[in-house]
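What the sequence shown shows, in UniProt numbering, is residues 1 to 101, in sequence order.
No lab work stands behind these hints, which were simulated from the structure alone. Among the hints, erroneous ones may be present.
What the hints assert, rightly or not - FRET-style restraints, in silico, Cβ to Cβ:
| # | residue 1 | residue 2 | range |
| --- | --- | --- | --- |
| 1 | Y58 | L85 | 54 to 60 Å |
| 2 | K61 | I92 | 32 to 38 Å |
| 3 | K67 | E87 | 48 to 54 Å |
| 4 | R51 | E80 | 42 to 48 Å |
| 5 | R51 | D90 | 55 to 61 Å |
The beta carbon of each residue, even a glycine, is placed where N, CA and C say it ideally should be.
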Amino acid sequence: MFRQSLVKAVRPALRSAIPARATFITSSRVMAEGDTGSIRSGGQGDAFTKREKASEDYAIKTREKEKLLELKKKLAEQQEHLKKLEEHIDEISKGQGGEHK
């Protein structure tokens, strides 16, 4: 309620300050170097940004480690499968009078 009455009270002053042809006003947001969310050069930043980056790096490293463990497990399974296939091929070739060691 207070906001509405404040807007109604200020509106006539704004109309006289703004030319009739201007329908809206835009402004750009300016941030200083090192403020959270700003683009900064170098490795400087506030503590929150550093902590957030460290947390993200840790999460990425953890995911990559999990993926590597899964790949190692799949590789071991494939190697075992290939070993079984080799043994099977050796049995078949011995039975058909192929290579004898």
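Hints and how they fare:
1. Checked against the given bound of 54 to 60 Å, the beta carbons of Y58 and L85, roughly 41 Å apart, lie outside it.
2. Distance hint check: the CB atoms of K61 and I92 are about 47 Å apart, inconsistent with the given range 32 to 38 Å.
3. For K67 paired with E87, a C-beta distance near 31 Å fails the hint of 48 to 54 Å.
4. Taken as a hint, the range 42 to 48 Å holds for the pair R51 and E80, whose Cβ atoms sit roughly 44 Å apart.
5. At roughly 59 Å, the beta-carbon separation of R51 and D90 lies within the given 55 to 61 Å, and the hint holds.
The structure is inconsistent with the numbered hints 1, 2 and 3, although it conforms to all the rest.
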